[in-house]
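J.: Dock chain H against the given chain R, drawing on the hints supplied.
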Amino acid sequence: MNKKAKEIMNTKLETISPNATVYDAIEKLIDKRIRSLLVVPENNEDEYGVVTIRNIIFNVIIPEIDPKNIKIKEIASRPVIAVSKDTHINEIYFLMKTNNIARVFVKEDERIIGVISFFDLLNYILVEKAKS
Amino acid sequence: MLKKLFGGGLEKQVLNFIDKYLETLHKATQCLHNLIKKEEIETSYCIENLEREADVLRREIIAKIYEGAFLPYLRPSLCNFIEILEKAFEYLKICAFEYRYLNQNIYSAIKNLCIQVAKINVEMCLILQKAFSSLENKKEDIREKNLAIRVCEKKIDELKMEIMESLRNCEVCAITNFWEGKNISEFIEALVSISDVIEDASDYLYILELSLK
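Going down the list, the sequences are from chains R and H.
Quick note: the first sequence uses numbering that gives the first Met the number 0, first residue 0, plus one each step.
Quick note: the second sequence uses numbering that gives the first Met the number 0, first residue 0, plus one each step.
Just chain H, with the same shape it has in the complex:
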């Protein structure tokens, strides 16, 4: 739809940059999943590199939009979409950072659940990419993608409850140190917030589609 209505050079550049931005987000979530699954601390630095790449793309997108791409009423919506997704990179970075300092005795109680959450985050990113592609090309209804993302987010909410329960009921991993508690709390909060951001972005895409009709 976006390509059909706005096939100009600047618009195409913006759409390409947004595609790359979403691809970078997808890679970052995959990176986090690999980090948690394989427990390779060095992998955590890839997220910071990808976040920097995403920052460059974000500036390019916003600059091109305000150079004159798209009609004025669409510009804030596209900028807001990118600003929403920027929060996902923040959470990914926090998650990777906190992971390096996790107390493994405490973390072992929730490790499998965290891996599941990270895997679902990767799937949600992929679906968001496809949703944006649908919006660009008007191939499929974006509603199905939006619904799938909401289903995934609900699953993560359930996993979050399980993680909290596991931590509270774990006898061998009692948290007695403030910094350990803060560390695991921020790790979990960041990990489960990524899906909230992707869901918000998906809802925003849906609103964007409605506004184009």
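Same shape as in the complex, but just chain R:
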């Protein structure tokens, strides 16, 4: 696993405003068939966050809170775990395992430019194994 984050990351990031409702997030997740959304910072002092289906189910759906009455910033996980684009895949795998997370974001300076999920890692491993 000698590739770097920039070589396998997915640059198509789906984002959501922290002031959007959880219902907006649910609509977006279902329409795009994805499992998480990157929460963009509200201002220069704010930081990135992430909202996942898991967050929504355990913090909103199961407690039977109306998703139209709760904002994303109330349930988003912060800060996100992000690595530089030159980080090796082994380190990313280690981060996912120790933090028990399904995705790691990739940053350049302080801007998030991509994401590496379990699927991206799995696809990379499958293709490298087939090529070897």
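These are calculated hints, taken from the structure and not from any lab test.
Positions of the beta carbon are idealized from the N, C-alpha and C atoms, including for glycine.
Take the hints with a grain of salt, since some may be wrong.
Think about it this way: if two alpha-carbon atoms lie no more than 20 angstroms apart in a straight line, the pair counts; the simulated SDA-like pairs of lysine to any residue are [as the list claims (entries may be wrong)]:
(1) H:K110 x R:I7
(2) R:K5 x R:A101
(3) R:K130 x H:K92
(4) R:K5 x H:E157
(5) R:K31 x H:K154
(6) R:K130 x H:R149
(7) R:K128 x H:K153
(8) R:K11 x H:N168
(9) R:K11 x R:V39
(10) R:K128 x H:K137
(11) H:K92 x H:D54
(12) H:K118 x H:R167
(13) H:K86 x H:K137
(14) H:K11 x H:L211
(15) R:K11 x H:A108
(16) R:K70 x R:E41
(17) H:K159 x R:E6
(18) R:K96 x R:N68
(19) R:K130 x H:V121
(20) H:K159 x R:N122
(21) R:K72 x R:I7
Some, not all, of what chain R presents toward chain H, calculated at C-beta under 10 angstroms [unchecked claim]:
(22) K2
(23) K5
(24) N9
(25) L12
(26) L37
(27) E41
(28) N43
(29) N122
(30) V126
(31) K128
(32) A129
T.: Using the frame of chain R, we list chain H on its own:
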């Protein structure tokens, strides 16, 4: 598996020719990748040369098969495998031809995405070569290679959507001329169809393996 069951002279010749055919396809995809990445128009002619080489190999393969190589029930399958791959050469040729006439203002919006697609095509060809080698020698399970090819093809499908979106949302590269539009459309269609052909060929190899069991 093929070598073990059919170790005759004619069969070995056919297998060698098929190996060379796959190697030629791999070289052609590398050629296309270099063409798109380095933007050297002269490189586009190498694909036509490789396609002619592949045609010669294809005729040799089919001739040897019908001279008596392999059992009759296997012959159509091997011929079909080669016929499927011939389409990849067609697409490579179209892609190289259309590239020469691309409007660079329009193309610049999708250049990086096209380079990614071409790179994945090269990887898929390499995996297909290894899959055929696995079938020949029964070294590894062909299913893993087949799955890897499907993963790559899915990635290309996603890139294709991104390319279409980029072209539609690009304000500076609005296509107003029919021939420019046709040119870029045929270039993209050919570029993304190569992976479809490789996936079909890989599925066919898998079916061939099942039929030999």
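J.: It remains to establish, for every hint, whether it holds in the given structure.
T.: Hints, verified against the model:
no.: 1; hint: H:K110 x R:I7; in the structure: 18 angstroms, holds
no.: 2; hint: R:K5 x R:A101; in the structure: 18 angstroms, holds
no.: 3; hint: R:K130 x H:K92; in the structure: 25 angstroms, violated
no.: 4; hint: R:K5 x H:E157; in the structure: 18 angstroms, holds
no.: 5; hint: R:K31 x H:K154; in the structure: 16 angstroms, holds
no.: 6; hint: R:K130 x H:R149; in the structure: 13 angstroms, holds
no.: 7; hint: R:K128 x H:K153; in the structure: 17 angstroms, holds
no.: 8; hint: R:K11 x H:N168; in the structure: 15 angstroms, holds
no.: 9; hint: R:K11 x R:V39; in the structure: 14 angstroms, holds
no.: 10; hint: R:K128 x H:K137; in the structure: 17 angstroms, holds
no.: 11; hint: H:K92 x H:D54; in the structure: 13 angstroms, holds
no.: 12; hint: H:K118 x H:R167; in the structure: 24 angstroms, violated
no.: 13; hint: H:K86 x H:K137; in the structure: 27 angstroms, violated
no.: 14; hint: H:K11 x H:L211; in the structure: 17 angstroms, holds
no.: 15; hint: R:K11 x H:A108; in the structure: 16 angstroms, holds
no.: 16; hint: R:K70 x R:E41; in the structure: 13 angstroms, holds
no.: 17; hint: H:K159 x R:E6; in the structure: 18 angstroms, holds
no.: 18; hint: R:K96 x R:N68; in the structure: 34 angstroms, violated
no.: 19; hint: R:K130 x H:V121; in the structure: 11 angstroms, holds
no.: 20; hint: H:K159 x R:N122; in the structure: 18 angstroms, holds
no.: 21; hint: R:K72 x R:I7; in the structure: 29 angstroms, violated
no.: 22; hint: K2; in the structure: 12 angstroms, violated
no.: 23; hint: K5; in the structure: 12 angstroms, violated
no.: 24; hint: N9; in the structure: 9 angstroms, holds
no.: 25; hint: L12; in the structure: 13 angstroms, violated
no.: 26; hint: L37; in the structure: 18 angstroms, violated
no.: 27; hint: E41; in the structure: 26 angstroms, violated
no.: 28; hint: N43; in the structure: 28 angstroms, violated
no.: 29; hint: N122; in the structure: 5 angstroms, holds
no.: 30; hint: V126; in the structure: 5 angstroms, holds
no.: 31; hint: K128; in the structure: 7 angstroms, holds
no.: 32; hint: A129; in the structure: 3 angstroms, holds
Taken one by one, the earlier hints fail for this structure at numbers 3, 12, 13, 18, 21, 22, 23, 25, 26, 27 and 28, listed in ascending order.
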